[in-house]
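Sequences and hints are given; from them, build the entire structure.
For the record, the sequence lines run as chains B, L, R and E. Here the first sequence is numbered in the numbering used here, starting from 1 and rising by one per residue. Here the second sequence is numbered in the numbering used here, starting from 364 and rising by one per residue. Here the third sequence is numbered in the numbering used here, starting from 727 and rising by one per residue. Here the fourth sequence is numbered in the numbering used here, starting from 1090 and rising by one per residue.
Don't read these hints as lab results, they were simulated from the structure. Small disclaimer: the values here were computed from a predicted structure and weren't measured. Built from N, CA and C at the ideal position, the CB exists for glycine as well. Any given hint might turn out to be false.
Unchecked claim - Each pair of labels, with its calculated beta carbon distance range: (1) GLY800/R with ALA178/B: 51 to 59 Å; (2) GLN362/B with GLY680/L: 20 to 28 Å; (3) THR1004/R with LYS1188/E: 24 to 32 Å; (4) THR1004/R with PHE1206/E: 20 to 28 Å; (5) GLY1043/R with ASP409/L: 40 to 48 Å; (6) ILE1153/E with ASN100/B: 29 to 37 Å.
Claimed, not checked - From chain B, some residues computed to sit far from chain L (all C-beta separations above 10 Å): (7) LEU34; (8) VAL43; (9) GLN58; (10) GLU61; (11) GLY74; (12) GLU88; (13) SER172; (14) GLU187.
4 protein chains.
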Amino acid sequence: MAGNQFGKLFTVTTFGESHGYGIGAIIDGCPAGLEINEEEIQVELDRRKPGQSKLVTQRKEGDIVSIQSGIFEGITTGTPISLFIKNEDQKSRDYDHIKNQYRPSHADYTYDAKYGFRDYRGGGRSSARETAARVAAGAIAKKILKAKGIEILAFVNSVKDISIPNGYLPSSREEIDASPTRCPHKETAEKIEQLILKTRKEGNSVGGIISTHITGVPAGLGEPVFDRLHADLGKAMLSINAVQGFEYGSGFDGCRKTGLENNDAFTEVSGTEAQTKTNNSGGIQGGISNGQPIYFKVGFKPTATLMIDQESVDQTGEQVVVKGKGRHDPCVLPRAVPIVEAMAALVLCDHFLRSRTNRMNQL
Amino acid sequence: MAGNQFGKLFTVTTFGESHGYGIGAIIDGCPAGLEINEEEIQVELDRRKPGQSKLVTQRKEGDIVSIQSGIFEGITTGTPISLFIKNEDQKSRDYDHIKNQYRPSHADYTYDAKYGFRDYRGGGRSSARETAARVAAGAIAKKILKAKGIEILAFVNSVKDISIPNGYLPSSREEIDASPTRCPHKETAEKIEQLILKTRKEGNSVGGIISTHITGVPAGLGEPVFDRLHADLGKAMLSINAVQGFEYGSGFDGCRKTGLENNDAFTEVSGTEAQTKTNNSGGIQGGISNGQPIYFKVGFKPTATLMIDQESVDQTGEQVVVKGKGRHDPCVLPRAVPIVEAMAALVLCDHFLRSRTNRMNQL
Amino acid sequence: MAGNQFGKLFTVTTFGESHGYGIGAIIDGCPAGLEINEEEIQVELDRRKPGQSKLVTQRKEGDIVSIQSGIFEGITTGTPISLFIKNEDQKSRDYDHIKNQYRPSHADYTYDAKYGFRDYRGGGRSSARETAARVAAGAIAKKILKAKGIEILAFVNSVKDISIPNGYLPSSREEIDASPTRCPHKETAEKIEQLILKTRKEGNSVGGIISTHITGVPAGLGEPVFDRLHADLGKAMLSINAVQGFEYGSGFDGCRKTGLENNDAFTEVSGTEAQTKTNNSGGIQGGISNGQPIYFKVGFKPTATLMIDQESVDQTGEQVVVKGKGRHDPCVLPRAVPIVEAMAALVLCDHFLRSRTNRMNQL
Amino acid sequence: MAGNQFGKLFTVTTFGESHGYGIGAIIDGCPAGLEINEEEIQVELDRRKPGQSKLVTQRKEGDIVSIQSGIFEGITTGTPISLFIKNEDQKSRDYDHIKNQYRPSHADYTYDAKYGFRDYRGGGRSSARETAARVAAGAIAKKILKAKGIEILAFVNSVKDISIPNGYLPSSREEIDASPTRCPHKETAEKIEQLILKTRKEGNSVGGIISTHITGVPAGLGEPVFDRLHADLGKAMLSINAVQGFEYGSGFDGCRKTGLENNDAFTEVSGTEAQTKTNNSGGIQGGISNGQPIYFKVGFKPTATLMIDQESVDQTGEQVVVKGKGRHDPCVLPRAVPIVEAMAALVLCDHFLRSRTNRMNQL
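Shown next as structure tokens:
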């Protein structure tokens, strides 16, 4: 129950560092009888992998996943599933210059403060490379959810001050992946693309917001009072590198409304789904899904790595200039879309399983 | 590990319903040797209790806490601490009219959908009354943190569209509690007070934002990759009734900046504390505290209970009018301030304990 | 996840000390829709309570349980169930003489060593009085299991060197409770009764063995590789005061056999039950139930409290004579029978719930 | 928190099947700053590996461990440690004949009943091959304990009806490993060796008992009331393949004594260690270590795999003869010695870390 595990029934433990031997994930608690193969997992990894377009980092990683246990003849056996991704691009000497330096807004100092020393190569464990393991595990969670009719669509809502029109909703993953920005609104996508290219040229970085829309969730998922569905979604998102904010339903905007404006009147109900006039609750009431679509936003700060020299200090407290060199991701949002989907899938899958034991007459 | 427990080493389990016999919390994992008594816990509860001013609900509850175990001769023994608060105001007949109705944006429908039926009296388990138990447990966490030099100050930042000036920071709890609004900025507090009184008269409700500022946190708290300090803070906050949003450091605003604008340059470092030119990271880098002040914002939606009739449906799907009657909290934010502090204290206390085993040379 | 909680899905946290305000248990994860009332729980507590016969301790405790939450109109709501038992017999001055003394084979010294000081009254948290809370929680687990056709019978197998005939099995709880010894074999029960009375007169104590026989367990319960069903049963039993040994199936005797002698040949199988020629596996193979009866033995040491003066030391290391005075339970086994049943029920109930999410086609 | 994880602060998750790609363990929660390398881990694996003598199974496995994460320049970094052992001997066709058959006293039937189907090759996940991953993880736990002065010695006490003299205690690991039987008493070892060779020739198998003796444990380890030190040791041992019984201290024999005979009088005490006249408590009182040596016994049944034809049924319920062919371990005890040590190390390491947060004045 240390900090590298997520989930209570569908539990995922990740391991590995940016420039070590590789990274991976162990899923414990996956139900038996699910058909899944490496190709299906690879599809998700390919959406996250570096080098997929000119907008993102050019690190050379195939990010090829291999299944090491838990699946027999293409079907999950109910035993732990080990997913492994070997690191290919291990040019760790690229990082010798930051061995003793503390890069601004990175985790270099805090890892040293916590553990006494650190694997400095590429950020070591604090690198966003770790999220590839989450995407691999999430691919399996997604397949379980799909079998239950639950679908998750995440997309880039805004980068810096460029946003899609309010309320715009993509109809499919294809629409999202049509642009390398993963922004489904064509005109906005074009502006974002220009902004990212300009930012890359400047050696700077930009942040933004990813929206997620989830359909097909039956009423009843979420375990109050602490494991409210949106609380677990929030934690999942905030555990992703560079995330600084989370809001669901009408979010911070809703906090500026009155109750009369924000309340969702019920119009129809069944045991698994409620219809409401509006959906300011974002599909979750009292921490439990109500059958309406779940939606939330996740804010990513501009990444800390720049191709611009920055002032800072080293381990001894000496003033240094951190050189802006090496590889660089001017905007992580396009690659973060599958990570957000993966983490949402882990939360929903875990809560779906947990909800199976809520009632005597359903045991 | 069901949903009513929070924390891994300093674990708190709450129980109880709004109109049942009472509510309470069990703390398991509190270190032995802490001096604490009921009066100290009561001080915190009095900040949350109903009826404390004309701005909040007039429910009659003394919210008197009693310690039932774990403390001997005024000192914690290391065994589970049971804190109990008897319900006094149990007029459950006030709720007969909603027995079969689904109030808009309440948890009535979702509890029915999940569990098959519900204790409808005053919202039962979904009532914010449960948070009194958190405040009681938080009082103990706060005392542990205080002994380690960590202090948490939460305050009302905005209600609806009225906000304190950007960057305004209270210097003490007294300044916060000086106004029944718990907004420390005098002029803003007065405007908020007028707004809440007007809202009460209209039978409506308003939401807003609570800010939290934490000082004295040593570098090294937080357990990546999933139990990042801010991820656990986010979950803690999102588990509070009516919370819809969480952001820390430069938050959603920071997502509209460039890396060069948002990065925090280091100026000095020690093993337990770093100095940075700016603190857009909100005292947390890579999910681990860096010794700078931690700060975050929590968005509360306007509460769902109104004194205005609203259309909805009942359990059979029939159209009904939910009567606006009974007690009513036009704005929960003043009473939510100690809840936010309590949850922050639970997170920090848990992570403080967890950080004690990070290094061989400190065992 | 501190040490006072048991179970993963059906979790029980106990609290309270021997001579404090009271003791209790919180169940988190009980499915909604179970009919249960205080009387049904009381029946189990009455089997454990002191003073029920001349064979056991004469401490005066009614052990009256009250339900404080989680049950509405006689039915579980799916929210935490709080069970509380007030301490009545709190003559703590009886224990003033051991305030600074370390009684032989008690937990006085170890609690001091661990926590720095202790609630010395009646053993405080280390007292077997805590097990009343387990029995109360176990009563609810038992009712769930009963609804699923699972029944647990524990009984006294032997006291000191007096044993029931090998293989003797009671047919009902009535047969077990017919004797105050809770040994179902009449002649053996009479011998045991005489031995206990003689032991009481001498101020000494005796240990023994409790056998448990569980029927109706479907195949498939148990979660390898660590949460094997018998491993969790073993932990549950070893967590009971005075337990020194656990064996299941053919146990230690089976270790002296050959594989050919010990193996259980299958004769018939279905999805929920296997028939085997013998049942040396005690109904569990590879850590998973096979549908055959589960049986195991639990060894209790003679209790440490004697009415005989014993040499020992005090907190300062000074030689002292610990006076043999106060109340005294010459043999805990008759009262331990419902405790063993309760802990077995907690394990099976937890594993029953966990087994509900093992297969895709059963979700 | 599914069933393949052990420990609360020092957590180990194992994965992998007998004839899959490999097996491994992830340690989450290992303190930073421990020097450890693959060679040190390999030493332990070599004590468990097949083919090490003529007494054990002749499966061909080098059992070469590789560290995949969490260790940088030979020192633990505080991040998850991944240990992987590739399977070399994957002749899975050897198992085609049992694809549909249920071998007596194996987990074939129960895995099918639980999960709907199974990886039948060599027992899949239920194979004792999984314990190699435990041994690898245990090697790291042992090194932590060694740094704290704690040493664990396990040895073969008896095989079938041949036992070492009562109370015999080896002085070193060398003495234990001197015989391929891992029985340190020379004459007994010789008899056991003859018995095992004879049993191998007959195609039969034999069980026995392993004793463990742990020194240097400070007073204060163990977390009542459920996570008593011996309860966690018991669970750890019972989670090992083929274990049917656990007893500590005076064990089942002590249950036949009187309190006066079994009680341990204190003679000297300090904060970390007590001296007692006898040690029937096995170094644990009230579930907490008292500084005296901890000792316990673990009973292994004779392994189920025989080289003798046995009657049984197949998946359809048809009578079949399970052929006695393939590889065969007539007695697992010699190879189980390092497994018992590893599991004991995991328990002690976890409890050592947990004990670091017991007291305010030690934080």
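Each hint, compared with the structure:
| no. | hint | result |
| --- | --- | --- |
| 1 | GLY800/R with ALA178/B: 51 to 59 Å | holds, 58 Å |
| 2 | GLN362/B with GLY680/L: 20 to 28 Å | holds, 22 Å |
| 3 | THR1004/R with LYS1188/E: 24 to 32 Å | holds, 25 Å |
| 4 | THR1004/R with PHE1206/E: 20 to 28 Å | holds, 27 Å |
| 5 | GLY1043/R with ASP409/L: 40 to 48 Å | holds, 47 Å |
| 6 | ILE1153/E with ASN100/B: 29 to 37 Å | holds, 35 Å |
| 7 | LEU34 | holds, 23 Å |
| 8 | VAL43 | holds, 23 Å |
| 9 | GLN58 | holds, 18 Å |
| 10 | GLU61 | holds, 18 Å |
| 11 | GLY74 | holds, 29 Å |
| 12 | GLU88 | holds, 21 Å |
| 13 | SER172 | holds, 26 Å |
| 14 | GLU187 | holds, 19 Å |
Violation of the numbered hints given earlier is absent; every hint is satisfied by the structure.
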